[in-house]
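K.L.:
Fit chain A to the given chain G structure using the hints.
Protein chains: 2
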Amino acid sequence: MDPEEFRRFGHQIVDWIADYRARAAQHPVMSRVEPGSVRAQLPASPPQTPEGFAAILDDLDRVVVPGLSHWQHPRFFGYFPSNGDLSSVLGDYLSTGLGVIGLSWQSSPALTEIEEVTTDWVRQMIGLSDAWSGVIQDTASTSTLVALLCARERASGYSLAHGGLQAEEKALVVYVSAHGHSSVGKAALLAGFGRDNVRTVAHDAVYAMRPDALDEAIRADFDAGRKPCAVVATTGTTGTTALDPVGAIAAVARRHGLWLHVDAALAGSAMILPECRHLWDGIEGADSLVFNPHKWLGVAFDCSLYYVRDPQHLVRVMSTNPSYLRSAVDEKVKNLRDWGIPLGRRFRALKLWCLIREQGVSGLQARLRRDIGNARWLEAQVRATPPWRVLAPVPLQTVCVRHEPPGLEGDALDRHTLAWAERINRSGAAYLTPATLDGRWMVRVSIGALPTERADVEALWAVMRREAGA
Amino acid sequence: MDPEEFRRFGHQIVDWIADYRARAAQHPVMSRVEPGSVRAQLPASPPQTPEGFAAILDDLDRVVVPGLSHWQHPRFFGYFPSNGDLSSVLGDYLSTGLGVIGLSWQSSPALTEIEEVTTDWVRQMIGLSDAWSGVIQDTASTSTLVALLCARERASGYSLAHGGLQAEEKALVVYVSAHGHSSVGKAALLAGFGRDNVRTVAHDAVYAMRPDALDEAIRADFDAGRKPCAVVATTGTTGTTALDPVGAIAAVARRHGLWLHVDAALAGSAMILPECRHLWDGIEGADSLVFNPHKWLGVAFDCSLYYVRDPQHLVRVMSTNPSYLRSAVDEKVKNLRDWGIPLGRRFRALKLWCLIREQGVSGLQARLRRDIGNARWLEAQVRATPPWRVLAPVPLQTVCVRHEPPGLEGDALDRHTLAWAERINRSGAAYLTPATLDGRWMVRVSIGALPTERADVEALWAVMRREAGA
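Residue numbers (our numbering), protein chains in the order written: chain G, 1 to 470; chain A, 1 to 470.
Just chain G, with the same shape it has in the complex (with noise of 0.2 Å):
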C-alpha cells in the first residue's frame, strides 16, 4: 500500500475508530455470536489476488464488530479494565507507522533512550524510589516468569552457565499465595520448578497470603534439605484484589535469603495516587516488580512494567552478544534485548509517553479516584441491600458480590448466581466476570472502563438487581 492510499485509509480508520469509541455504548457489551460463527464467514483460503483495503473496511461492521466483547465500553464490569485511552492509542499509531525496531539502542535509540524515561516517570508516579530500573514487557504473565528465572538463577549460582537446573542438587522452591494469579503458578511451571516444589501459602481471612505460614513453610522446606528460591506477593489479587502483607512477607524473604516478586499488575495503577501507597508498604524490600499500565491506567495493551533493584543481575541472566548486534556505543548504552525473553522490540514507549504527557499525572490521579469513589458506592448500596453481600473487602476498584436469598445454599446458590450473571451478560446490558471463592461462585464487579460514569454504575445496580430477582 503506498503513503497516498494509506492516507486515504487511514483516515476512514481514525473516523471509524473515534465513532466505535464514541458509539460503544450501543453495542451489547458481550458478543453474541456462537462459536465458529466468525470463521465460517471468512474464505478457508487466502485470496490469491489483492481484494482492495475497501473489502476490509466492509467486513469490519459486518463480521468483525458483532464478534467483539466490547472493553472499552461503559458498562464493561468483566476481568479488570484494560483501557486504551485515546491518547496512547495515537502514540501506538506512531509506534507502528515508524515500524523501527529496538534489537539494540543504536538499531533506533530513540526507542531506547524514551522507554528509559517513561519507565522512569512511571517509578516516580508511583512512589517507588530511584534504586528501582524499569523496563516494559508484554504482559505480566511474562514478566513474573522473568523474575522467577532471576530468582531461579540466583539460589543456583547462575546454573544456567553450568549444567542448568536440571544439575541441581537440592529442591528449589517457590512460595506463592492460593489468591496469586494463574501466571504465576504458571511461570514456576515453565521455569522449571515442578509443581511438587510450588508451596501454596495459607491466606488469611481477607485472601492475603500470611507471613507466619510462609516462614513455617520455608522452615519445613530447609528442614527437609530443599532449597526455598522465591516468594511471589500479590498486590491486588485478581479475585478479590486483595493485598498480601508486602512489609511482612518481605522480612520473611530477607531473613531466608530469598527472591520476593510482587505482582500489582493491576492495582500498581492505584499507586499514583498517594493515599493508596500504604497498600503495598514496603515494596522496597522487593527484589522485583510488575505493574501493567495496560489495564487500569490507560495505556493501549501491551504494556506491562517490569522493576528490579538489580539490572546487573537481569541482563547476566538475560543477555546475548551476537556479533551482529554489536556496536561501539555498547559500554555507554542500555540493550534492552538483554532485560527480557524477546530480542525484538516495538516501540512501545510512545504509547506510555503520550498518555502521560495528554493527561498528566492529575488526570490520571483524578479518574482512578473516580473509580475507586465508584467502587465505594457499589459497596455501600450492597452492603445495605440484603441478602446481597459484599464478599471481600474493597480496597480499590473491584466489589465482590453474591446474591443470597434466604434457603439458598451450596450447588443451589452458584446456579442462582452463575444464572443472574449470564443473564445480564447476555442481555448485553452490563458484562461482570463470575469467579470462584472459597469454592462458591461470586460475581466480580470490576469498575474502571475509561468511560464508566456513576450513571453506569448505577444503571449496572438496577440491572443486577433485576436480574437476579431482587
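Mixed in with the good hints, there may be bad ones.
Since the list gives no way to pick out one identical chain from another, each pair is judged satisfied if it fits inside one copy or across any two copies.
[Said to hold, decoys possible] Result set (EDC-like, lysine to aspartate or glutamate): computed pairs, CA atoms no more than 20 Å apart in a straight line:
(1) K170 with D196
(2) K332 with E34
(3) K332 with E51
(4) K334 with E34
(5) K332 with E422
(6) K227 with E169
(7) K227 with D215
(8) K332 with E379
(9) K334 with D120
(10) K334 with E379
Everything labelled a hint here was simulated from the structure, so no lab data went into it.
Quantities reported herein were computed from a predicted structural model and do not represent experimental measurements.
P.N.:
What follows is chain A alone, placed relative to chain G:
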C-alpha cells in the same frame, strides 16, 4: 482524550506517517545521535498537568525522528527486513483502536477466530500440510522458548506436573548449530538445560548443520548416560541465510526420538514462493516451526507464527484455567492463552489479515521475487569485481561480502572491513550490518525493505566501492 480530539489528532498522525513513509529516503538511514542525547532533551519527571497532544506532535520531528534508524528506508540493508506494509499498519490501527483483549475465546470471539483463519491461510501459503496448527507469538525468541519448553516436557514425561526439570536424573541435551540464532541458545538456557547440555553441532563449508555430526553427538550423549531431547535446525541463518538440511536432520531426530524445532524466522517468508520450498525439504518431519511474517513478508512488528503438529501437547504444557476465565463454551473453542506464555492477547491477526487481503498472495510473491532478483544482481556484481568476494551462497536476499585488497589479512582486514561499513553507515547513504564469519568480520547486505528497488541496490553498490576505496 475524547473521540473528537482523537479524530482531529488522528488525522494529523495519519498524514504525518504518510509523509514520513513517502519521504523516508530523505533521512540518513542510521541515526547519528550520541548516547544519552535523546534522553537529555526530555524532562526528568512526568508532567503534573496535561500538556495537550499538540506538544507531543511538536516533539516528533525535533526529538524522535533524529533518534531513529529508519527501518522503512529504501536503503536500509541492515539486520533483516522488518517491513510494516501500510495495509498491515492500518490493521494494527484497528486493533489498537478497538482495544479488545483475548484472554479467552469469549473475551472477544473474533480475535481468536480471525487468528485461527489467518494462521491457517499462512500455513497454506507456505506449503505446509494441514497437519499443522498455528498461533501468533510476539517474536521468534519467544516461539523458540515455547518449543524448547515443549520438548523438555515431552522428554521428561511432563516433569512440570511433578518434580520439575530439577528432578530429572539424566541430563536433557539440546543440539543447535553454531550458526543458529542467539535466541536459540538463550531459550535453552532459560528453559533450564544449562550451557553444559547445549551442543554446538559442526557445520559444513556453507554453514549448514551436518546431520552426520548431529547423529554422532546424540550417540555420544546417549553413551554417556544423558538424554538427548531436542534439535533446533535453521532455515535461513541470520549470518548468511544458510540452510540446515531439514529432511536429513528430521531423520536423525526421529531415529533418536528428539524434538525437531525449525527456526525459519526470516526465510519462512520465501516459502510463499513454490520455487523456494526445496530450501526446507523435509519440513513435515519437524515438530514445531517458527516463521516471522513481521520480517520480510511485511506484517507490522510484532507477529511471529508458531506452528506445531501436536497442539494438544502445547496446550498441556501451557494451559491454565482459573475460574474467572472459564466459560460454558470452553469445550467448543480454542483458548489461545494456552498456546503460549502470555495470558493477555492483542488482536494481532488483524494486521496479518489486512496485509494478505490487500496485497493478495500474488502481490506478496511479486515483491519477494523482486528482492531475490536484486540480491542475485548484487551477488553477480560482487563476484565480477575482485578483490570483492561473496562469502556464502545467496539462496535468498542476504549477500555476505568482503573487500579484500591484496596484502590485507587478519586483523588489518578486519579493520578495513569495519571501517568501510562504518563510513557508509555514518554517511547516512545506506545501512549495513557487519558480522563475524569464520572468525573474521564481513558485511551482510540484507535486501528486502519494502521501498527498496533495483536503483537503491545499484546506489548501494556504488557507495560500497567508493567507501572501500575500490
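K.L.:
Now look at each hint and say whether the structure bears it out.
P.N.:
Tested hints:
With identical chains, the CA atoms of K170 and D196 are at most 20 Å apart both within one copy (13 Å) and between copies (19 Å). For the identical chains of this complex, K332 and E34 are inter-copy neighbours only, at 10 Å across copies versus 55 Å inside a copy, given an alpha-carbon limit of 20 Å. In this assembly of identical chains, K332 and E51 lie within 20 Å of each other by CA distance neither inside one copy nor across copies; the values are 48 Å within and 31 Å between. Taking the closest pair of Cα atoms, K334 and E34 come within 20 Å of each other only across two copies (13 Å); inside a single copy the shortest separation is 48 Å, beyond that limit.
In this homomeric assembly, K332 and E422 come within 20 Å of each other (Cα to Cα) only across copies, at 18 Å, whereas the closest approach inside a single copy is 56 Å. Taking the closest pair of Cα atoms, K227 and E169 come within 20 Å of each other both inside a single copy (9 Å) and across two copies (18 Å). With identical chains, the CA atoms of K227 and D215 are at most 20 Å apart within one copy only, with a shortest distance of 14 Å there and 37 Å across copies. Within a single copy, K332 and E379 get their C-alpha atoms no closer than 52 Å, and across copies no closer than 36 Å, so neither meets the 20 Å cut-off.
For the identical chains of this complex, K334 and D120 are intra-copy neighbours only, at 14 Å inside a copy versus 38 Å across copies, given an alpha-carbon limit of 20 Å. Taking the shortest Cα distances, K334 and E379 never come within 20 Å of each other, neither inside one copy (46 Å) nor across copies (36 Å).
The structure is inconsistent with the numbered hints 3, 8, 10, although it conforms to all the rest.
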